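**Q** Each chain, letter by letter, is given below.
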Amino acid sequence: EAGVAQSPRYKIIEKRQSVAFWCNPISGHATLYWYQQILGQGPKLLIQFQNNGVVDDSQLPKDRFSAERLKGVDSTLKIQPAKLEDSAVYLCASSLRVNTEAFFGQGTRLTVV
Amino acid sequence: LAKTTQPISMDSYEGQEVNITCSHNNIATNDYITWYQQFPSQGPRFIIQGYKTKVTNEVASLFIPADRKSSTLSLPRVSLSDTAVYYCLVGERGSGGGADGLTFGKGTHLIIQP
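In order, the protein sequences belong to chains A and B.
Using my numbering, you'd call the opening residue of the first sequence number 1 and step up by one each time.
Using my numbering, you'd call the opening residue of the second sequence number 1001 and step up by one each time.
Mixed in with the good hints, there may be bad ones.
Said to hold, decoys possible - Far from chain B, some chain A residues (derived; all Cβ distances over 10 Å):
| no. | residue |
| --- | --- |
| 1 | I12 |
| 2 | A20 |
| 3 | L70 |
| 4 | T111 |
As the list claims (entries may be wrong) - Ranges of calculated distance between the beta carbons of each label pair, as one might list FRET restraints:
| no. | chain 1 | residue 1 | chain 2 | residue 2 | range |
| --- | --- | --- | --- | --- | --- |
| 5 | A | G40 | B | R1045 | 18 to 24 Å |
| 6 | A | R97 | B | G1015 | 38 to 44 Å |
| 7 | A | R9 | B | S1079 | 25 to 31 Å |
| 8 | B | P1007 | A | N52 | 38 to 44 Å |
| 9 | B | Y1051 | A | V55 | 18 to 24 Å |
| 10 | A | I38 | B | D1011 | 23 to 29 Å |
| 11 | B | N1019 | A | V55 | 30 to 36 Å |
Don't read these hints as lab results, they were simulated from the structure.
Quick caveat: nothing in here was measured; it's all calculated off a predicted structure.
Even for Gly, the Cβ is constructed at its ideal location relative to N, Cα and C.
All chains, please: the whole structure from these sequences, using the hints.
**A** Below, the structure is given as structure tokens:
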């Protein structure tokens, strides 16, 4: 079974630039999550989708971050404009439905310089 | 959400049993306890989940006392490849182990030596 796919694996950008990350969840998984993991810390939930609807985006900095999940499958997370403190690993996870085991991708490591 | 407290780091040796304890004094009636494992440069991986007493799978055991204010993840006969960060999470969920609204703390850095 294919896992959660994320791209790119690494990205380096200058502050104030924009960047987008892509996630392809496990086939059939209705729930999709984006997490931000800063070095030395645990992952922090940014947004959770159920199919193509947002369930929880309470910790998403909406002035600069946006995410969408068109057609309830793939998802993109965008940062515009990026700040130095956005340097982190961005993890995508999916689960079959709410309250079932979540599977994580390898993440995208973002460095903002 | 119930806050969890776990040791920042632990070390042990190959072949030993490792027990990592997590404190969650404010656990709610509907909360489950879930443990995730994370290797460097990888996303977290679900290990085990429980509500009370003892749960065992092919990877680990989870011990939960009657008051549920703490839990202990037990890894039998660890190897070098068990070196990772282990996260204890508490939250409402069903019988699976979903990440819904989960708050990851800093976790426990487990280092296994030869």
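**Q** Each of the hints needs a verdict: does it hold here or not?
**A** Comparing the hints with the structure gives:
The beta carbon of I12(A) sits about 16 Å from the closest Cβ of chain B, which is more than 10 Å, so the claim that it is off the interface holds. Every Cβ of chain B is farther than 10 Å from the Cβ of A20(A); the closest lies at roughly 19 Å, confirming the non-interface assignment. Here L70(A) stays apart from chain B, with its beta-carbon at least about 22 Å from theirs, past the 10 Å limit. Non-interface call for T111(A) relative to chain B: holds, since the shortest CB-CB distance, roughly 14 Å, exceeds 10 Å.
A hinted range of 18 to 24 Å holds for the C-beta pair G40(A) and R1045(B), which are about 19 Å apart. In this structure, R97(A) and G1015(B) meet the distance hint of 38 to 44 Å, their C-beta atoms being roughly 39 Å apart. The hinted range of 25 to 31 Å is satisfied by R9(A) and S1079(B), whose Cβ atoms lie roughly 27 Å apart. Range check, P1007(B) to N52(A): about 41 Å between beta-carbon atoms, so the 38 to 44 Å window is met.
Look at Y1051(B) against V55(A): about 23 Å separates their beta carbons, and that is inside 18 to 24 Å. Look at I38(A) against D1011(B): about 24 Å separates their beta carbons, and that is inside 23 to 29 Å. In this structure, N1019(B) and V55(A) meet the distance hint of 30 to 36 Å, their C-beta atoms being roughly 35 Å apart.
Checked against the numbered hints above, the structure breaks none of them.
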